[in-house]
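**Q** Those protein sequence lines, which keep their order, are chains S and C. Start counting the first sequence at 1; every next residue gets the next number (the numbering used here). Start counting the second sequence at 1001; every next residue gets the next number (the numbering used here).
It should be emphasised that the hints constitute simulated quantities derived from the structure, not laboratory data. Fair warning: there could be bad hints in the mix.
Below are the EDC-like pairs computed for lysine to aspartate or glutamate, each with C-alpha atoms no more than 16 Å apart in a straight line [unchecked claim]:
{"no.": "1", "chain 1": "S", "residue 1": "K110", "chain 2": "S", "residue 2": "E194"}
{"no.": "2", "chain 1": "C", "residue 1": "K1262", "chain 2": "S", "residue 2": "E132"}
{"no.": "3", "chain 1": "C", "residue 1": "K1165", "chain 2": "C", "residue 2": "D1183"}
{"no.": "4", "chain 1": "S", "residue 1": "K110", "chain 2": "C", "residue 2": "D1189"}
{"no.": "5", "chain 1": "S", "residue 1": "K207", "chain 2": "S", "residue 2": "E194"}
{"no.": "6", "chain 1": "S", "residue 1": "K207", "chain 2": "S", "residue 2": "D192"}
To spell it out: a stretch of chain C is covered by chain S in this simulated footprint if at least three of its residues, at any positions, have a beta carbon under 8 Å from a beta carbon of chain S; those stretches are [unchecked claim]:
{"no.": "7", "region": "1104-1111"}
{"no.": "8", "region": "1269-1276"}
Per the computed footprint, the stretches of chain S lying under chain C, defined by three or more beta-carbons under 8 Å from a beta-carbon of chain C, are [stated by the list, open to error]:
{"no.": "9", "region": "125-137"}
{"no.": "10", "region": "247-260"}
{"no.": "11", "region": "279-290"}
Heads up, the beta-carbon is just placed ideally off N, CA and C, and yes, glycines get one too.
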Amino acid sequence: MRTLLETRLMPAIVVAVIVITLPLFFPSAYYYRIGALVFIFALAVVGLNLLMGFAGQVSLGHAGFLGIGAYSVAIGPIHFGAPSWLCLFAGAILSGAVAFLVGRPILRLKGHYLAVATLGLGLLVAIVLTNEAGWTGGPDGMSVPRLVLFDWSLRGADTWYWIAGTTFVGGFVLALNLMGSPTGRALQAIHDSEIAALVLGIDVARKKLTIFIISAMYASVAGSYLALFNGYITPDAAGFLRSIELVAMVVLGGMGSIVGSLVGAAVLVVLPQALTIFHEYEQALLGLIIMVFMIFLRRGIVPSIAAAFAGRRK
Amino acid sequence: MAELLQFISSGLTVGAIYALVALGFTLIYKSSDIINFAQGEFVMLGGMTTVFVALAGVPLPLAALIAIIVTTAIGFALHRLAIEPARGASPVALIMITIGASIFLRGVAQIVFDRRFHSLPPLFGADPIQFGGAAILPQSLVVLASATAIVTLLWLFIDRTLLGKAVLATAANRLAARLIGIDTRRIVDFSFAVSAAIGAIAGILITPIALTSYDVGTLLALKGFAAAMLGGIGSALGAVIGGLLIGMIEAFAAGYFSSNYKDAVAFLIILVVLVSIPQGLFGRAKVERV
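If we strip away everything but chain S, and leave its shape as in the complex, we get (with noise of 0.2 Å):
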């Protein structure tokens, strides 16, 4: 039990405990926001993580789960009159059986013709949401009703900081419980070397599939939740900026590294917020600050720190 405790769910209390201290520091209700932001996004890197920094496939595409996960909580309860909580599930199961029946071919093409082929069904599903303004609003947009749990309206920033914050800490469980099972060491196998994973007996396409699928699943219901947060949703959370986004915070935190997700998202999602003060320079200071990190912190930011300690205690 010890060992337990500090080897895998260390990490998983200490997040837990950021969770609940964090709002000891928020001077005002502007902060909760922006740390339901974080948690959101977090929980979406977290998924894309497994697929890239544990099983080695790379999406450039994953935003459109997000869009899927979005748009079932604003259609839904508009078009259908359908709880917005059943429809959370119902889009995470829609986006899974998307992952399912697009996975299979796709996943076999490896590196960047899998990169190409996930930017096109990105595409494709933020091309449908734009165009289908009928259901989906069009490029405006839509309104997205709250969310109502025992007659509860769900509003506010500090409520949706600890559902977001909640939810992350079961994900990142979830998350550093896979990675430790069978299925995750297979994955692991097969980042390595595909071939070598296939000699030792491993079903190197299908667990690829089921960690696809997993993956779309975390941002379908990061996607539902960035919707029902915000009231509001347009086509570009399923874009290819979004999907690049994502990656970023992925890498940026650390591949691999599942606490490497949550630090991503937060620089990330604190960072334009943080820029906003240099107006016109917001931009030309991301892309900037993205590339210092990338070139000085090349593994990523969590991996590149923990290196450096162990490296001083030796």
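Starting from the structure of chain S, add chain C where the hints point.
**A** What follows is chain C alone, placed relative to chain S:
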């Protein structure tokens, strides 16, 4: 028939630009294994710099020349200042650097230039040429002729000059190239500079037809990347054919189906092609060593 000709001419024009962007991707990939997502920004810089230098009163041909030189210098600087210091980083980290560079260049462009759309006067007037019932813009012919010239010159250069052979050797095996005395760093410098120049020329050529603004680069990089992958990454012939194919598919999808879904049709076809031919049309299958 007239309709068909019309679609072919507009498809080839856009396709030629995609082909040039894809060629830029290929050149850099061949010499350094890097996918350079800032390739689209070179196209933007070419068009925007020409527009603003011309607005300052410089004659158009000179403005275009200045734009090409400026963009080439930026391509060179991108390699020296951002890619070279990160040598040995993972491919994904290098891609992130080029994405960071593209966000940076876009950000700088909206400060140095502005956030509006701009155009340039076409080289031979704007009156369309009537051909078989189709109206073809003279600028389309300029685009096609220039693209053909660039591809031919690049091929002659690679095939006939010593520097070109050094590029080929670097592409084939970097370590072996270095062992026989090729300065591979300079080869990569060179391929970044040439890719930037090609991008800038594409940007200048297309601006009279499609307008330009600080943010046109993203979509072009995306299409160019898709074209390079469709053709098979690393194959120059594949890049050109991939680019032309995507341009044509888009034109036909827009004409016969729906212009809202032209990109969707293009990517659907790319997906189908890649699933049936996983290494692209002209790519070589890679064998994994254990």
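**Q** Count residues of the region 1269-1276 of chain C with a Cβ under 8 Å from any Cβ of chain S, then say if the count reaches three.
**A** Three-residue rule met by the region 1269-1276 of chain C, so holds; n is 4.
**Q** Given the hint that K110 of chain S pairs with D1189 of chain C, does the C-alpha gap stay at or below 16 Å?
**A** violated (28 Å)
**Q** Are the Cα positions of K207 of chain S and D192 of chain S separated by 16 Å at most?
**A** holds (14 Å)
**Q** Do three or more residues of the region 125-137 of chain S come closer than 8 Å to chain C, measuring C-beta to C-beta?
**A** Holds, because 4 residues of the region 125-137 of chain S bring their Cβ atoms closer than 8 Å to Cβ atoms of chain C.
**Q** Tell me if chain S covers the region 1104-1111 of chain C under the three-residue, 8 Å CB rule, please?
**A** holds (count 7)
**Q** Does E132 of chain S lie within 16 Å of K1262 of chain C when you go C-alpha to C-alpha?
**A** holds (14 Å)
**Q** Can you confirm whether chain C covers the region 279-290 of chain S, using C-beta to C-beta distances below 8 Å and requiring at least three such residues?
**A** holds (count 11)
**Q** Need the status of pair K110 of chain S, E194 of chain S: alpha-carbon distance at most 16 Å?
**A** At roughly 10 Å apart (the allowed maximum being 16 Å), E194 of chain S and K110 of chain S satisfy the hint.
**Q** Within 16 Å, alpha carbon to alpha carbon, are K207 of chain S and E194 of chain S?
**A** holds (11 Å)
**Q** Mind checking the alpha carbons of K1165 of chain C and D1183 of chain C for me, to see if they're no more than 16 Å apart?
**A** holds (13 Å)
**Q** Go check the region 247-260 of chain S versus chain C for me, would you? Three or more residues, Cβ under 8 Å, otherwise it fails.
**A** holds (count 5)
Violation of the numbered hints given earlier is confined to hint 4; every other hint is satisfied by the structure.
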